[in-house]
Structures are given as C-alpha cells and as structure tokens.
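Trainee: Here are the chains, one letter per residue:
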Amino acid sequence: MKPRTLYRKLVDSHTVAPLDEQNVLLFCDLHLMNEYTSPQAFAGLYEAGRGVPMPGQNVAVVSHIIPTHPGRTRVIADPPSALQASNLKRNCETFDISLFDTNDALQGIEHVVAPEHGMIRPGMVVICGDSHTTTYGALGALGFGIGTSEVEHVLATQTLGYRIARDMRVRVGGRLAPGVSAKDLILHIIGKIGAQGARGHVVEFCGPAIDALSIEARFTVCNMAVEAGARGALIAPDAKAINYVFERAPEIARNHGPAATKAWAQLRSDSGAVFDAEFEFNAGQVSPQVTWGTSPDQVAGIHERIPEPDSLAEGPERSSAERALKYAHLEPGTPMEGLAIQHVFIGSCTNGRIEDLRAAASVVRDRQVVPGVRAMVVPGSGAVKAQAEREGIAQVFIDAGFEWRNPGCSMCLAMNDDVLGEGVRCASTTNRNFEGRQGRGAITHLMSPAMAAAAAVTGKITDVRQLGVEL
Amino acid sequence: MSYTSRIVGKAAPLQIENLDTDQIMPKQFLRGIDKSGLKEGLLYNLRFDSQGTPRSDFVLNQEAYSDATIIISGANFGCGSSREHAVWGMLQYGIRAIVAPSFGEIFYSNAMNNRLLLVTVPETTIGQLIADASQPLAEPFDIDIETQRLRTHSLDLPFEIIPRHRRMLLEGLDSIGLSLTYQEDISAFARSHWAEQPWLRDVAKEVYGRLN
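Chains as they are written, first to last, in the working numbering: chain A, 1 to 471; chain B, 1 to 212.
These are calculated hints, taken from the structure and not from any lab test.
Just so it is clear, the structure is predicted and the values come from calculations on it, not from any experiment.
Even for Gly, the Cβ is constructed at its ideal location relative to N, Cα and C.
Be aware that a few hints might be false.
Said to hold, decoys possible - Just a sample of chain A residues kept apart from chain B, beta carbon distances all over 10 Å, derived:
#1 Arg175
#2 Glu331
#3 Val370
#4 Arg374
#5 Asp399
What the hints assert, rightly or not - Within a straight-line C-alpha distance of at most 20 Å, the following computed EDC-like cross-link-like pairs (lysine to aspartate or glutamate) qualify:
#6 Lys9(A) <-> Glu196(B)
#7 Lys205(B) <-> Glu93(A)
#8 Lys192(A) <-> Glu304(A)
#9 Lys326(A) <-> Glu422(A)
#10 Lys326(A) <-> Asp49(B)
#11 Lys35(B) <-> Glu47(A)
With the sequences and hints as input, model every part of the structure.
Mentor: Written as structure tokens, this is what we have:
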C-alpha cells in the first residue's frame, strides 16, 4: 500500500463514499455547536421537516455571547443574546442533544470544554461552526471549522461533503527557551509563512520541539494554525496524548484500553508519505512574539522594531502594513518593547487553559497591575476556573488587581459586553488582531499569557524574561 | 432560487488584503436567530464612521457604485471566523460575485453553499481588474460560469471552478438531500466504525452523562 500521511488516514477512515475526484462524504464523530452559528441550521431542519439521526454525536455549549461578570448566577441582559441562548436550549431539547447551558458549572468555551472532559479522542473527525476547531489536532483528531449550512448538513446526516485538502508538514527542531511558549512558536511560524501560507492544507506539526510540548501547549499551536489559513492541524498522538485522554475518559482505559492504544498507535504518517509542502523551523531561535498589525502574520520578536513598510516587498505586503500601522496608530521603526498598553486580556480558546493561567500567575505574583491599566482574566471554562481557584492562582490575580471573571469567549471577539473602546491598546492572549475585533478602533497585540501578564504589571509591552521570574 | 449562468454588472474595487469576516460582518450583527438584517451590517466599519454616518470615501457609498453586484478584492478574502453571516450579508446587499486571488477556506464553502460566486484569478491580474473596476462608466464586468470566463473592457480571463461547485451554482444542488440518498451507507458505515472503535459511539452523550 502506498505510504499515507496521518491526514489521509483520517480522511480514509471516515469516508462513507467518494463523491467525485476531490470530494468525499465524510463521517463526523463529534459535532460541537454554539449559540450563534447554529440557530439558522436548526431553523432549516424545522423548515424541511428533518431530524437529527445521531444526537449522541452532537453537543452544544453557550460560549460566545455569555457575560463574564463575576458572580454566581449569570443573566444575559442583552435580549437578542438571551434569545440565542434560550433558542439553543429549545433546539437541544427538541433533538435530544446534550447542552452546557449558561449556568452549567462546566460551561465555557467549546474548545476548552470538549477536550478537558475527554470528549476528544485520537482518530476522530470533529467539526464545529467555529474556525478554531483545528485545536483538536493536538490529540490526533481531525478538527475543522464549518459554516451554518454545513452545521445543518451534519445535524441531518452526521456527514459532510468534504473537499480533500493538501498535505503540509511543519517540522520544528530544537527546543523553546525558557520564557518562550507555544504561543510564541505558532506566532513566529505564522509570521514566516503568512496568513495564507497554509491555505488549502492540513498541517502536520512534528519534530523534537513539538514532542516536548505539553498537550495544552499543542492545543495552542493547532488552534492558531487556522490563522495561517490551514484547513486543519495535526500532531501524531504520542504517549502524552494517550495519557491525557485516558485520564479524562477513564471509561476508555477501563473498557477498551488495549484496543484503543493499538488503534491510536497507527495514527502517524507512514515513512515515505509525500507532503505537498514542507517547512522547517528551529524553536531555539524563537523569541517572545508580539503582533503589531491587523493580521496575525504581522508579528515581530520583542526586541525587533515595527517594520518600515518601504522595506517590504511592493504590493500586498506593503499596502497591508501601511493600512495596519495607520489603524494601530503606530510609527514604522518604533521598538515593540516599551509600547504603552491600557488593557490586558488573558483568556480564549487559544490561551484560556490552566497551564496558561499558571504561566501568567507566575509573572503576576507579588506584583501589581499598573494604575490606569485594566487587566482581566477570563478562564476558558468552569472547570479551569474552579481548578485555578483551588490552586490559589485566582487569588494571585485578584491580589495583583486583575478582574477574575466567569468563563466564556469574552473579549476574544467581543460578542458579549466585554468590548474595548476606540483607540484602546490591548495586550491579548487571543488569536486575532483584526481591525475592530475587540471593539471598533481598538488595537490588539497578540502575545503569550506570560507576556500579557508582564504587560499588565509594567503598563507596556515588556520582555517577560527580564522580570526575574522563574519561567 | 433561480440562477442564471452569467453575472453581468458593475464591479466595485476594494483593494484590501486578508479582508476578514470580522470586517465583512462585525460582531454586533451576529445576534439573530435568523438570517435577516445583515444588509445593514455588511462591511459596517468601512461603510460608516463611528457616528453611523456613511463614509463618502468608501467605494460602495459612491453614487457610481450604488448598483455594484461584483466586488474585486485582495488575497485571502473572507479569512478568519467561520460566520456564514458574512456571505448572507453580501447576498442581502446585492453582491452576486467576488473576484480575488484567493479566499479563506470556510468562507469559500459558505459562499458555495449559498450560491455566492467566488472567482479566483491570478494575483498578477488583480491590478488590471482593480483599474478596470475603477472606471464605473466603462463596460460592465461579465462572468460566465458555463464557459468559466471573466471579461472586462480590457481583459478576458479563464477561471477554474471544481465540477461539484459548478453544479451547485448552476443547478442549486440540495446537498443535504443528496447526502440523505446515502442514508443506508451512512448507517452501515457507522455500525462498522463503532464496531472497530466502540469508544466513539455516542461520545457526546456518554461524556455528558458521566459529568451529570
């Protein structure tokens, strides 16, 4: 048999039928839904009189519109948003779909909730009406985002008409230096290959630096692969990944341990498998990264300067840089380090997990948020929040002057009431620095949790490695 | 919905790279449970200033482009968020086709599912297409799906479109209906898939049950 990539193995093992040369009918093991990209899909089902044949493979979470103010009971004050939540509940009840509702103790961001309870398993196909579904590649599951028409298609058939992607391999050698995280690595990669560098491809990450990452760090890498345009991201599951799943889904270990371990051992690219594109990076050369523009590939190392557009190739790259600098009120040639910020946001499906909060807390401990800076932590889920409270991390943030809030997507896309004002500059652990993403005219600088924490306690973009913290 | 195989109309030049779906349809327009009201939100921050006044310098606000049905734009158009609202908004505004060197992947599928035509052209032709679109009084743009050609007063370009999408555009394929013709295959697939990997069956329900 011809050697296959991990990606092609996953497509092959989920192909119900080929549709034509480029498309297959793909079986979807798990479909996650949220309140804002699913309503019109359910409406389509009602209209056509269609049902959901496999409700047990579907789950929903209220994640995007939910307010994150501290407090026990959460009330969605905005009437249209409240309607989205109640509508999701009604739809889930109608079709017998499990729902993590507004006041469920385990509610959170869909991409944090699903893996932390063992719902994501190696070898799965996982889809969701959310672009950051690429996250699940960290466990050797093929995850990708879909639109609402496709949400309806999956609900009605548990399959998708799927256009097969090309294969890309990104090998990362070396090892990340202390104070440099998975977020810095993926921002660095996106900066080098560009916001559409992986368009049309599913990216398999491999190499010693990837092997050395924790599973949560791998989630961060795969999560942001979509910012390079990737249709999916994968990391072959190793013992670390298998243990992660067994710990969170003990019933598999108990009932199917050897069979699962055997099946998951096959989930790697065959030697000799051909990739359509390949890149190599050295993790040792990556420094803490900060974005300066309005696309995630407009990024620089902390000790670099904001580029002179004239130094960039004439054409799209230069015109984008000019446009971004105008939006972000930045002068070419300004050093990244020292840029004053007014807001800090720690959270999101990229960096809202317990390890992210631990990293940020280690920087914040015994320090204070600079007066005039508003800093908030929004844990990725109720479980992450509870764990951080048990570990004393929450208190570290509170003592330092951070707002310790309830879980949700929050200011990553500002669909709820966590919205920045015009001209406010934010150090953010999220995934997109698009124009207006965190609020009209607001300026987003993407960075790691440790770097965002350093910005909070210094009031400016700072190299966290110079704060004398053990990282 | 009826559909012709040709789109002939005025093209608006919108030379922005990586025009993401957050810009195409900002967050405040995503709060509905139906598809209505998205015309207003299309490209909102580009069309309107912070007071809600139309920006006179924005192309779609100019009289000469008030009837534009085609947008010419930069690479990676529609990247970012999966929100299909961006496509619904385009159609509600009256846009029938978008011409760019490349498109965000999810946006591409969303457009095809709604029969918004996306025409991928070489990066090297975009300069001329923008120049042609910048002469709103010249001959209209003419996009023919049957022959897969895009014509302007100065260019005649072939474009690629995969057969499945061509069919979706021309015939309005009911893709759910089509997939449901595979119902027995899907059930048979699921049975054997779950026999091999029993831990994948009812995964959402089982985990939810364990937690509650």
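Trainee: Can you name, in rising order, the numbers of the hints this structure does not satisfy?
Mentor: none
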